[in-house]
Amino acid sequence: MKRWGLIAVVVLLVAWGWLRAFAWFDPLSACRIHIDVELLEGDRGAIRSAIDVVRREDPLVYRALCRWVDRIQEERQCDAGDPQADRRVRGGAGIPLDVLDPAIRRAREAPGCYVRGSRVIVLRRPPDGGGGPALVRERAEALKRLAGYSQAFWIDHGR
Amino acid sequence: MTRRRAVALGILAILVVLVARYFVWVDVGARCVIGIRPSLVGYDNSTVKRALETLRHGSPEDYRKVCVHVGSINPNPSCGGFGGGCFWHGQNARGRASIDVSTEHGLIWTVAIVVHETCHAIQSHEGRPPGFDYEDECYNEDHRIMRALVQFE
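Quick note, the sequences are listed as chains Y and W, same order. Sequence positions in the first sequence follow the working numbering and run 1 to 159. Sequence positions in the second sequence follow the working numbering and run 1001 to 1153.
None of these hints come from the bench; they were simulated from the model. It is possible that some hints are incorrect.
Unchecked claim - Quick partial rundown of chain Y residues pointing at chain W, CB under 7 Å, derived from the structure:
hint	residue
1	H34
2	D70
3	Q77
4	C78
5	D79
6	R88
7	C113
8	Y114
9	G117
10	V120
11	Y149
12	Q151
As the list claims (entries may be wrong) - Dumping the calculated SDA-like pairs for lysine to any residue here, alpha-carbon to alpha-carbon at most 25 Å:
hint	chain 1	residue 1	chain 2	residue 2
13	W	K1049	Y	D86
14	Y	K144	W	G1058
15	W	K1049	Y	Y149
16	W	K1049	Y	R125
17	Y	K144	W	H1057
18	W	K1049	Y	G158
19	W	K1049	Y	W154
20	Y	K144	W	Q1151
21	W	K1065	Y	D86
22	W	K1049	Y	R32
23	W	K1049	Y	R44
Nothing here was measured: the structure is a model prediction, and the numbers come from that model. For each residue, glycine too, the CB sits at the ideal point set by N, CA and C.
Isolated chain Y (complex conformation) (with noise of 0.2 Å):
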């Protein structure tokens, strides 16, 4: 019996790992989302930190991005466009983005993006690998915008 429960202990304990390793694992909210990062430069801390900025600050935000969102992926940018779309770009000119489309450095600039028609938010890499509280803060208003747009795909798209 007690060896049973040692190995009931063991497994629990490699779950909670597995489960945690790579995601943000809320189990009191039935939350868990998978967190991608770069093996080298990547850090999943940061985001945690941001995660736990919307748990603490807004429930019913949290309780939507739990709801609507499996995954957040960093990047080192959003792209809302292909540059290469201009044949100039094609041709080897170096273009301003802002002549090419705006939209295209808006994106890039922007600190993430919802990718709709899946689950996905991208969260941009911070440029210089900096981080910090203003880093945490800035995700965690993206995050609270992104998943009310991830929300608001899936509510329309079940109508």
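Place chain W on chain Y using the hints.
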């Protein structure tokens, strides 16, 4: 049932589940089956599946085109390098095409590359007049899908 037969059935079941999980996209409702080749570089096939799922919900018309014109997706970087995709114009124009799609740059670009290479498959199936700019049409397609799906403000 003998023990040996039970083990063989178990192994077969595991193989079927693994193949279904990693190497094929099946959407019974849309009658869409697309093979996905094993990835050799660690970017696992789930990104390709996530891209197809995103298209299915985010742009059903583009998804339908992928289902009609593409038979298999190769997620390994080949002629497109690590950042892009590829369509081989020499392949049989009557059958559903095979496209190469790099998944290295995440979901948004994977969706865009799938749409870009599907555009080339459509060109191959439908034909285009001499002197037609194949790349121009397809870059505009991937630009369009990125503009449509990426919401940032």
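Each hint tested on the structure:
no. : hint              : in the structure
1   : H34               : violated, 10 Å
2   : D70               : violated, 10 Å
3   : Q77               : violated, 10 Å
4   : C78               : holds, 5 Å
5   : D79               : holds, 6 Å
6   : R88               : violated, 12 Å
7   : C113              : holds, 4 Å
8   : Y114              : holds, 5 Å
9   : G117              : holds, 2 Å
10  : V120              : holds, 5 Å
11  : Y149              : holds, 5 Å
12  : Q151              : violated, 12 Å
13  : W:K1049 to Y:D86  : violated, 29 Å
14  : Y:K144 to W:G1058 : holds, 21 Å
15  : W:K1049 to Y:Y149 : holds, 22 Å
16  : W:K1049 to Y:R125 : holds, 24 Å
17  : Y:K144 to W:H1057 : holds, 22 Å
18  : W:K1049 to Y:G158 : holds, 21 Å
19  : W:K1049 to Y:W154 : holds, 19 Å
20  : Y:K144 to W:Q1151 : holds, 14 Å
21  : W:K1065 to Y:D86  : holds, 24 Å
22  : W:K1049 to Y:R32  : holds, 20 Å
23  : W:K1049 to Y:R44  : holds, 24 Å
Of the hints listed earlier, those the structure fails to meet are numbers 1, 2, 3, 6, 12, 13, in rising order.
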